[in-house]
Structures are given as structure tokens and as C-alpha cells.
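Oh and the first sequence: position 191 is 197 in my numbering, straight run, nothing missing.
No wet-lab data here; the hints were simulated from the structure. Each hint should be verified, as a subset may be incorrect.
In silico SDA-like pairs for lysine to any residue, Cα to Cα no more than 20 Å straight-line [stated by the list, open to error]:
#1 Lys171 with Leu140
#2 Lys81 with Glu143
#3 Lys171 with Gly161
#4 Lys261 with Val251
#5 Lys119 with Asp228
#6 Lys171 with Arg155
Between beta-carbon pairs, the in silico distance windows are [unchecked claim]:
#7 Arg255 with Glu195: 18 to 28 Å
#8 Arg206 with Gly107: 49 to 59 Å
#9 Thr258 with Arg55: 50 to 60 Å
#10 Gly89 with Lys119: 14 to 24 Å
Virtual Cβ for every residue (Gly too), placed ideally from N, Cα, C.
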Amino acid sequence: MPELPEVETIVRCLRRHIVGLEVAAVRVPFRPVVRNRRAAFLNGFVGRRVLGLRRRGKMIILDFSGGLTMIVHLKMTGQLLFGPARAPRDRHTHLVLAFRGSGMELRYHDVRKFGFIRGTMTSDAERAPELRGLGPEPLTMDLPAFLHRLKGRRGRLKSLLLNQKVIAGLGNIYADEVLFESRLDPRAEVTRLGPRRLQRLWSSIQHVLNEAIAYKGTTVRDFRDGEGLEGLFQNRLKVYGREGVPCPRCGTAIKRIRVSGRGTHFCPRCQRR
DNA sequence: GCCACTGTTAGCAT
DNA sequence: CATGCTAACAGTGG
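Assemble the whole structure, with the sequences as input and the hints as a guide.
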């Protein structure tokens, strides 16, 4: 669920609330959510202040004083929620950062338990296994860099867009939306695409992701920002989750097929190889 | 109740 | 190395 625009929305939201706060306690009700060999590493965060939040692909990165960093991945159903410590916690809350004096805390909540948190030294964060090997950020990658990145790649266009080692941050929803916007068939062989089509693809990535961020992300089911609020972009989706609905461009019914194992929505008339 | 399906990706097979 | 499939988990809907 949380792809680049959702993660960016969470980061911007939480920045306003937790930068400057001091960690009073770290609680880990569900140990497997912590990727560190020793969960006790997280005790080192007590007494540290939040210096800032960053996003890398779909990862949330929290930097603390004392040269400490937390890397968070929400996978499908994870949420990072800032709220009053007194609010009841349910059984899906797997990690809690309590903040000194404020009566507030940050909770990692994840129904399916696919997500994780790793504590690292800030200086080592870029080399953490989860960040190492991630592709470039799509929104700061110019067209020549994009073309260079795709050079020599094979396979279906859709699986290329989903490959985090190629470009970081796109998931199933935005891959489908980007492909619709660029009028390309998700099944197309990457090697067969000419420069005009690739340019269209690049500019659609910029456009769709920026729009989705402006609308604070897509809530299909689980996505919430740091305050628990839903996104607004679900109202603007053109193909994702719209099987059978007329294409907004030509009126043909949107199709849903399976491409490299993923549900894929597209317009069979507008989107050509 | 049972079965199929779900937004991600690590790990294994090819 | 690169690319492709599946399991990890829990909840939802048919």
C-alpha cells in the first residue's frame, strides 16, 4: 500500500509533530518487527531527540541525536501513527516510541506483520541491507539518467517499474497509473521501447507521483498519514481498481489481467506496445 | 466454514 | 548477474 507518495505524505506529516521531541522509552510488543540482531540496540534511542525525517524509495528514515537512525518499511499494511499515549493500543501495535513530557507517542502498527524497523548508526544507514542497492529517486532523476538506468534491461515494462533496484518508490497502484498516463502496455518488452515512448514514461512518472503527493496519497484500505488521516488520490485513480469502468480517455472498459504475478489494470485500447 | 484475493519484497529457482 | 514466482501474515469478501 504505502508507495512513494504515501511514504512522502507520512514523512511530511510526522516532521511537523516529532522533530525536536526526546525519546522517553522504546517498547517492542512484537519482537520480530525489529530487524536488528539485538533488539536491545533500540534502548540506545532513549534520551535522544528526533532531528529529522527522510524518505528513500518506500522507506521512512528517522534521524536522532547521538548519531542514531531508524529505518522503517511499512510493506503492505504498516502505519506510523502519532497520537496520545493514553489512547488504547490494539494487538497490531508492534513498536512504540514514547516522547518525554508530551504525553504523546509514535506507534508502528501493522496488521500483516510484513514491515520492519531497523536501528543503525546514522553514518551506516546508507549501507544498511534495506537501502543498499536501491535504485535512484524517480523525482530527482532527469531524463538522461532515466534512459541510462533502463539501458540493457529486459522483461515486461510493468515489472521494470516495480523493481526497486531500477527505480525506488513505485508500487502496484502507481505503476498502473503511470502506464495509463504514458499510454503504454504493461506487458510490453522493455527492449522494444523507443526513445519517444521512454520519454513519455519518464514524464508520466514525474506527473503522476507529484499529483499523488499533492493529494496526500491513495487510501484503498489501510493507508493513513501520521495523524491517522486518509489520502485523497483514490478519487483520482484512472485505472487501478477500476476493472470494467469506462476509460476516461476513450470509454473502453478497463481490463484487469495478471502481469508478472501482479494484478494489472489498463485500457486495452489506449495502451499500446 | 472454506477459499481466493490483497498494496511488498526476500529468497529461491531458473 | 538478471528475471520470475512464491511465501511470509492477517483480514475481507464471495
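Between Lys171 and Gly161, does the CA-CA distance stay at or below 20 Å?
-> 14 Å, holds
Taking only the CA atoms, is the gap from Lys171 to Arg155 under or equal to 20 Å?
-> 10 Å, holds
Take a quick look at whether Lys119 and Asp228 sit within 20 Å of each other, Cα to Cα.
-> The given pair, whose Cα atoms are some 13 Å apart, holds under the 20 Å limit.
Does 50 to 60 Å hold as the CB distance between Thr258 and Arg55, or does it fail?
-> The hinted range 50 to 60 Å holds for Thr258 and Arg55, with Cβ atoms some 55 Å apart.
Does Lys81 pair with Glu143 here, judged by a C-alpha cut-off of 20 Å?
-> 18 Å, holds
Evaluate the given range 49 to 59 Å for the C-beta pair formed by Arg206 and Gly107.
-> 52 Å, holds
Quickly compare the C-alpha distance for Lys261 and Val251 to 20 Å and report which way the hint goes.
-> Holds - the C-alpha atoms of Val251 and Lys261 are around 9 Å apart, at most 20 Å.
20 Å limit on alpha-carbon distance, applied to hinted pair Lys171 and Leu140 | 5 Å, holds
Could you see if the CB distance from Gly89 to Lys119 stays within 14 to 24 Å?
-> This hint holds: roughly 21 Å between Cβ atoms.
Holds or violated: 18 to 28 Å for the Cβ distance of Arg255 and Glu195?
-> 24 Å, holds
Violated hints: none; the structure is consistent with every hint.
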